[in-house]
Amino acid sequence: MDPGEALNFDEAELRANREGRLTAAQRNRVFARRRRLIVVLALLTMLIGLLAASVILGLLPGATAEGIVLALGAEALTAGLAFLVWILWQRFRALLAPGLVHSVSGPVTCYVLRERRTDDIAGRPGGTRTAYYLRAAGQEFAVSEAALAAIEDGATYRLHYVARPATLLSVEPAPDDGSS
Numbered sequence: 052m053d054p055g056e057a058l059n060f061d062e063a064e065l066r067a068n069r070e071g072r073l074t075a076a077q078r079n080r081v082f083a084r085r086r087r088l089i090v091v092l093a094l095l096t097m098l099i100g101l102l103a104a105s106v107i108l109g110l111l112p113g114a115t116a117e118g119i120v121l122a123l124g125a126e127a128l129t130a131g132l133a134f135l136v137w138i139l140w141q142r143f144r145a146l147l148a149p150g151l152v153h154s155v156s157g158p159v160t161c162y163v164l165r166e167r168r169t170d171d172i173a174g175r176p177g178g179t180r181t182a183y184y185l186r187a188a189g190q191e192f193a194v195s196e197a198a199l200a201a202i203e204d205g206a207t208y209r210l211h212y213v214a215r216p217a218t219l220l221s222v223e224p225a226p227d228d229g230s231s
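So in the numbering used here, spot 8 of the sequence shown is number 59, and the numbers just go up one at a time.
Note that these hints are calculated values from the structure, not bench results.
A virtual CB, placed ideally from N, CA and C, is assigned to each residue, including glycine.
Where hints are given, some of them may not hold.
Simulated restraints, written as ranges between beta carbons of each label pair [unchecked claim]: (1) Val-91 / Asp-204: 40 to 48 Å; (2) Gly-109 / Arg-84: 33 to 41 Å; (3) Glu-166 / Glu-203: 21 to 29 Å; (4) Ala-200 / Arg-144: 30 to 38 Å; (5) Leu-102 / Asp-53: 48 to 56 Å; (6) Ala-188 / Leu-147: 19 to 27 Å; (7) Ala-173 / Arg-142: 40 to 48 Å; (8) Gly-150 / Glu-223: 16 to 24 Å.
Turn these sequences into a full structure, and let the hints steer you where they fit.
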């Protein structure tokens with residue numbers, strides 16, 4: 052298996068990473084939790100807005116002061132949530148701007164860590180956990196077993212990554228210029 056297949060990147064993504072950019076697919080993979088938050092908040096905003104509108108429409112014939120204040124408060128909450136969703140979406144879109152992807156070159160060290168877990172509170176055996184890592188030029192990345200197998204230990208590579216969260220995006224062989 053080659054590194055592209057193991058790390059799930061193609062030539063277009065590698066080109067974007069060389070330019071310091073994420074592709075939309077990489078952004079969605081790396082920042083999946085942030086994307087889900089935006090979707091959940093957008094749905095919540097729509098739900099609260101619909102409920103508030105229903106309350107206002109239902110109260111119009113025999114409106115009480117408390118009912119109107121409650122409905123207007125819900126509409127204000129809807130407007131606030133809509134603004135928050137808009138801000139989060141703008142920041143999410145900004146993740147495609149150049150400069151987010153960093154690169155390092157150097158000999159790669161591949162290693163495996165096995166962690167023995169202690170028994171849990173109920174007395175069940177903890178077992179072990181295996182983690183696979185790459186290290187180059189002072190940067191360290193957790194990778195899959197397949198990715199570790201696709202990289203030659205000690206060979207010189209250029210690694211393209213996002214710093215926060217420390218995520219390896221793509222890898223390509225780099226000439227060994229002796230400067231590392």
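(request) List, from low to high, the hint numbers that the structure doesn't satisfy. (result) none
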